[in-house]
Amino acid sequence: MLKLTVVCPACKYTFRAFDPFASLSLPLDVVLTNALIWSCDDDFQRIWCTIYVSPRCSLENLLYYFNLARKPNNGFKYVIAEINGRRVRILKPNEILNFRTEDYILYAFEVPDVWEGNVEMTTRFTNRSDSERPEDLCYKVITVINTHLRYERFNKKAKVSGSQEAFSDV
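In terms of the numbering used here, the sequence shown opens at residue 21 and continues consecutively.
Take the hints with a grain of salt, since some may be wrong.
To be verified - Derived DMTMM-like pairs: lysine to aspartate or glutamate, alpha-carbon spacing no greater than 20 Å straight-line:
#1 K91 <-> D133
#2 K176 <-> D133
#3 K91 <-> E80
#4 K112 <-> E102
#5 K177 <-> E102
#6 K112 <-> D133
#7 K179 <-> E102
#8 K32 <-> D49
Claimed, not checked - Just the calculated beta-carbon pair ranges, DEER-fashion:
#9 K112 <-> V27: 15 to 23 Å
#10 T70 <-> T163: 48 to 56 Å
#11 A30 <-> R173: 43 to 51 Å
#12 R36 <-> R66: 14 to 22 Å
#13 R170 <-> Y33: 34 to 42 Å
#14 I125 <-> F174: 19 to 27 Å
#15 W68 <-> T167: 17 to 25 Å
#16 N118 <-> R66: 24 to 32 Å
#17 R36 <-> K176: 48 to 56 Å
#18 I125 <-> N87: 13 to 21 Å
#19 K176 <-> F38: 29 to 37 Å
#20 N118 <-> N175: 35 to 43 Å
#21 E115 <-> L88: 18 to 26 Å
#22 E80 <-> T25: 21 to 29 Å
What the hints contain is simulated information worked out from the structure, not anything from laboratory work. All C-beta atoms in this analysis are idealised placements derived from N, C-alpha and C, irrespective of residue type, glycine included.
Sequences and hints are given; from them, build the entire structure.
Structural data, given as structure tokens:
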């Protein structure tokens, strides 16, 4: 039986496992991915970071990586999106991403857990209630973007495009 110890170079997390058939090949396949976190606190920070992700990664794993990079403020959660040109696409809960290149950029928007007086808290983005549709998440993300734009004194605002439910124009 092979004892395996893997240490993360970024956070120094140590993982130990036993491989009875010595079938694990090293080095482990990881991709460095650039990420931008849009916070929703009084400082309106945008935080650039690099996260290590597996080449085939679920949204739940991405949320874990973003929480390691920076915990969201109390009462807030992250919504993960990708931006292509001027289009923002919110990732779906069951979506699996394939990272093959290191020039990929992910965006995490810190949005409130409670939506417009709705008393029901969403436990996780992956287990959201029916009342929290992709359009609602899109409006939350747009609110965060517009708050940052207002803070930086831009005259333009982000808005929802009418063609697809989980897209918005910036």
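Looking at the structure, which of the earlier hints fail to hold? 2, 9, 10, 11, 12, 19
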